[in-house]
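Which chain is which? The protein sequence lines are C and V, in order.
Heads up: the first sequence begins at 1 in the working numbering, then just goes up one per residue.
Heads up: the second sequence begins at 1 in the working numbering, then just goes up one per residue.
Please keep in mind that the hints were generated in silico from the structure rather than gathered at the bench.
Hints are not guaranteed to be accurate.
Derived, one-sided and incomplete: chain C residues facing chain V with beta-carbon distance under 7 Å [said to hold, decoys possible]: (1) 18; (2) 33; (3) 35; (4) 66; (5) 67; (6) 70; (7) 71; (8) 103; (9) 250; (10) 297; (11) 299; (12) 353.
Covered stretches of chain C (chain V as the covering partner; in silico rule of three or more C-beta atoms under 8 Å from a C-beta of chain V) [claimed, not checked]: (13) 40-52; (14) 56-62; (15) 326-336.
The beta-carbon is built from N, C-alpha and C at its ideal position, and this holds for glycine as well.
Number of protein chains: 2
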Amino acid sequence: MSRNLMLMMRSLETGKQSMASVLARYRMTLIERTKNHLGYPYNLDFEYGALAQLQHFSINNLGDPFIESNYGVHSREFEVGVLDWFARLWELEKNEYWGYITNCGTEGNLHGILVGREVHPDGILYASRDSHYSVFKAARMYRMECEKVDTLVSGEIDCENFKAKLLLHREKPAIINVNIGTTVKGAVDDLDLVIQTLEETGFSHDRFYIHCDGALFGLMMPFVKRAPKVTFKKPIGSVSVSGHKFVGCPMPCGVQITRLEHINALSRNVEYLASRDATIMGSRNGHAPIFLWYTLNKKGYRGFQKEVQKCLRNAHYLKDRLRDAGIGAMLNELSSTVVLERPHDEEFIRKWQLACQGNIAHVVVMPNVTVEKIDKFLNELIAERATWYSDDGKNQSPCVASDIGKENCLCSLHK
Amino acid sequence: MSRNLMLMMRSLETGKQSMASVLARYRMTLIERTKNHLGYPYNLDFEYGALAQLQHFSINNLGDPFIESNYGVHSREFEVGVLDWFARLWELEKNEYWGYITNCGTEGNLHGILVGREVHPDGILYASRDSHYSVFKAARMYRMECEKVDTLVSGEIDCENFKAKLLLHREKPAIINVNIGTTVKGAVDDLDLVIQTLEETGFSHDRFYIHCDGALFGLMMPFVKRAPKVTFKKPIGSVSVSGHKFVGCPMPCGVQITRLEHINALSRNVEYLASRDATIMGSRNGHAPIFLWYTLNKKGYRGFQKEVQKCLRNAHYLKDRLRDAGIGAMLNELSSTVVLERPHDEEFIRKWQLACQGNIAHVVVMPNVTVEKIDKFLNELIAERATWYSDDGKNQSPCVASDIGKENCLCSLHK
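Isolated chain C, as found in the complex (with noise of 0.2 Å):
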């Protein structure tokens, strides 16, 4: 945005005359943003018109979504429907889950993480180094004992290095983040093998507690042939997953899935309360369950299905046309994030939006990145590079051999 847009926007109350002028200018600058976007796994895809006439109310979900408050103007019934529709993706018995609709993916993780502090008070939090901020700064809130796992080069958790971790600290329970697809890499941790793992090193079920950040790939998961089942069937404790990634929405939110016995322990000891306080926060917001439910309920399974299907087709397309193009890339199976080198320029990382991390920079194709917007990234990419790079070996483009190994490296040293 330039500067003077800044200026007037930083200027409140001296251009009244000039907010429609904000804001048009500012609309032209998300339509410009929108469409060059990649980096973030947001469906920018969405169209809520029917809901617009919804904006006029101050819709609030205050507490608990399963227990009436005295505010009357709420969603619940928008909510439960979306939380009745997870549990049972991710099988859960209607009379055995608790949930709510989560302001983003980091209240989702700050949830979970609680209510396993809360079920194991000196138990020590698990998470491999490639997990979410969100866990670490979990930890810190909540004063927990805190392990980094190793992963591979993939970005799964090495079940190894857990092994050896949970062996250091055998008298403690375990809580352990398990990510169902890590952000940088998009890596879904082995679930059966980290629960064998616990069970291989004596920890029971009553010993360990479970959270799957599902942030992104909780919901394409099980429209994926093949893939490991998320399902409350096995011993995990809490699922989330965002709401304003796969499935789009104008303003961040989430899913927040435990069970309904844990919830009990948590709201026990909550003596000051008439209704029990469940929710990390308090007031919230009661339009995002309706664009959820909007959502689910216009495109259903098999409409998910169908989108999820488009974006894996569309990931390896990317994947192998960067490796084609000499480009390192990788791309995890069950995934739709396309891991490549960072490119050399700034400006260029900017305008696509790519979220980087040291030599690394991602693509996630999402349902709107079509093969056409694909294409241009490419063609952008594979000229600019012709300038950032020489073929006299003088300037060369990065070894990222280290981060997405060796088979996926392209360097003048692995190709």
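Since the structure of chain C is provided, determine the placement of chain V on it from the hints.
The following block gives chain V in isolation, referenced to the frame of chain C:
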């Protein structure tokens, strides 16, 4: 909402053809419920038609408002504009403050208290019994020692009791939650007296941290003549205020302002966001700052002042008319929250969406609560009361002397 509508909502995917009719019926419910609402401090009177065009965009202010992230579809400029406005209101220089737009009052309290704990890791949290429940939730989440301080009948913190509690824990720093308007009685804690009490018991400024929970009144007080000032010129650490309360907003949100020096101690860099992690939530609703910016710009200081005066005037009118009708009621100076005896009939409470505690209920007079609405409420209450209570003394209205003081009670004993 009818059981029928509820069932339809729960049976996702079985009634696609009826989505439009579900929404139309839901809209009617919202209109009805908005009309009769009195109990919560939400200004339901807003008009954001000019912003409807922005609902097509997934606006997300990831991470820190002052640090550009790679995700381009954000509203940081609006957010910083709003923050600047509030920093000026509470007298903290631009280069000395940090803040962000939160999801609700609870997030503001969670953040303020977390900053306090990071500044004083072994500090004890002091909060009056009438503090919002999120304050005690924070203590539990953060594993902090917490002392509940008594309140006066008005709902204000009892500084005699505060002093006694401070003296018990002289060796540890103090983190204090000061209420700028309590939830139930709208009582404003005496900030100056709190500071004086700390000083008198030997707490130097570097051994305490004050968070001001200004959920509703943080924004009203600056416009009330003779009100004690909330300002960073006093030794306070943070102030939070809700955005969906006095300002009015379709979804909950809030403003958090703190001193930059504290945040530098708290935050960690998050590389893949190209930002630092100093907020509680990661992804953040980018629409909320635009709603706030729009209203601040449209109404300005003078507009707010007028609205505050109208609310206080109408609150006095309601309190006087209640007492004229022989109904016990209390209105704290500086407040627009009228406390009255809890109506006998649950149906009546639900209709007017009154928040209740024990024998008392309250009406929060917001800009959308007109004299006409107050009259309608009063007339209904007086008519219903005649059927609840009889003159023969068999069924009597409850005594509320212990809740709001003998002088405000009009039960058979105290009138």
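Results of checking the hints against the structure:
Given the 7 Å rule on beta carbons, the hint for residue 18 (chain C) is violated: about 10 Å separates it from the nearest Cβ of chain V. The beta carbon of residue 33 (chain C) comes within 4 Å of a beta carbon in chain V, closer than 7 Å, and the hint placing it at the interface holds. The closest approach between the C-beta of residue 35 (chain C) and any C-beta of chain V is roughly 10 Å, which is over the 7 Å cut-off, so the hint fails. Taken as an interface hint, residue 66 (chain C) does not check out: its beta carbon lies about 12 Å from the nearest beta carbon of chain V, beyond 7 Å.
With a least beta-carbon distance of about 14 Å to chain V, the hint placing residue 67 (chain C) at the interface is violated under the 7 Å criterion. Given hint, residue 70 (chain C) at the interface with chain V, holds; its Cβ is 5 Å from that chain's nearest Cβ, closer than 7 Å. Look at residue 71 (chain C): its Cβ gets to within about 5 Å of chain V, closer than 7 Å, so that hint holds up. The criterion of a C-beta within 7 Å of any C-beta in chain V is met by residue 103 (chain C), whose closest approach is roughly 5 Å, and the hint holds.
Of the supplied interface hints, the one on residue 250 (chain C) holds, with its beta-carbon coming within about 5 Å of a beta-carbon of chain V, less than 7 Å. The criterion of a C-beta within 7 Å of any C-beta in chain V is met by residue 297 (chain C), whose closest approach is roughly 5 Å, and the hint holds. Taken as an interface hint, residue 299 (chain C) does not check out: its beta carbon lies about 9 Å from the nearest beta carbon of chain V, beyond 7 Å. Proximity of residue 353 (chain C) to chain V holds as hinted, the smallest CB-CB distance being about 5 Å (cut-off 7 Å).
With a threshold of 8 Å between beta carbons, the proposed coverage of the stretch 40-52 of chain C by chain V holds, since 10 of its residues qualify and at least three are required. Judged by the Cβ-Cβ criterion of 8 Å, the stretch 56-62 of chain C is covered by chain V as claimed, because 5 of its residues qualify and three suffice. Only residues whose C-beta sits within less than 8 Å of a C-beta in chain V count toward coverage, and the stretch 326-336 of chain C has 0 of them, not enough to reach three; the restraint is violated.
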